[in-house]
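**Student:** As a plain string of letters, each chain reads:
Number of protein chains: 2
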Amino acid sequence: MREMQTDPLTTTFAALADPTRRAILNRLSRGEATVLELAEPFEISLPAISRHLKVLEQAGLISRGREAQWRPCRIETPALERVDGWVGHYRKLWDSRFDRMDSYIASLTKGTPDAEQ
Amino acid sequence: MREMQTDPLTTTFAALADPTRRAILNRLSRGEATVLELAEPFEISLPAISRHLKVLEQAGLISRGREAQWRPCRIETPALERVDGWVGHYRKLWDSRFDRMDSYIASLTKGTPDAEQ
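Protein chains in written order, with this note's numbering: chain A, 1 to 117; chain B, 1 to 117.
The set of hints was computed from the structure by calculation and includes no laboratory data. Glycine included, each C-beta is placed from N, C-alpha and C at the ideal position. Keep in mind that a hint or two might mislead.
Said to hold, decoys possible - Here are some of the chain A residues that sit facing chain B, going by a computed Cβ distance under 8 Å:
#1 Asp7
#2 Thr10
#3 Ala14
#4 Ser29
#5 Glu32
#6 Thr34
#7 Leu36
#8 Leu46
#9 Glu67
When you get a sec, could you build the whole thing from the sequences and use the hints?
**Tutor:** The structure is reproduced here in C-alpha cells:
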C-alpha cells in the first residue's frame, strides 16, 4: 500500500541513501555484473547484497537478467536522469553565485565600483 | 552514535527522500522564508513542518537565522552541489547512449556504416 503512494523521486532518493547501494551502482556503471561479482568487495553476506539489489531494482536503478542461474545486474539510467533533472533546477543557485563573484572580481580588477546590485 | 557514522551523501539523500522536504527546498530556492510562510501551502501541522526543517538543517540543506522570533530559513547549496557531483559521474552513461544513437542515425542518413566526420 505505502509503496504505491510513494513518488518515483522519493523511492530513488531513499534507495540512494545507502553507501553500499551507491557502491554497487558505481560498479555497475562500468558494466554488468552477477550478484557474486557484486558481493566480492563487500564484507557483508550474500542475502544482504540481495536485499540491496532488490531495493535498487524496485527504485528502477538497476534491472536483472532473467536467466535463473546468472541474473546479471545492469544499471538503468532513467531514475538517475530524474535525479539529474531535479538537482539541475538548483544548479542556477551556485552558478549565479559564481557569476556574481565573477562580476565582483571584474569590478575590482577594473578599479570601478560597478553598480552594486 | 548512528548519526556520526553516516556519510554526508547518505544523510542528504535520506533528507531528500520526502516530497514535503523537497517542496520546502523548492520554496526556499526563491528566497528566505519563516516557518509560518513555509507551512502555509501544506496541510500539515507546524510541529510536523519543524521536524522536516530539522532534518533539512541536519543534512546541511538549509540554515536558520538566530533571531529567536523569526529564525528565517535559507537554502544552502554545498549539499546539493555534492548530489550534483555524484550524479554527474553517471551523466556520461546517458550522454554516451545519445552519442551512439547520433552516430547510428548519421550512418543511416548517409547510407555509409562509418562516420567520416
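**Student:** Looking back at the hints listed earlier, which ones does the structure fail to meet?
**Tutor:** 5, 6, 7, 8, 9
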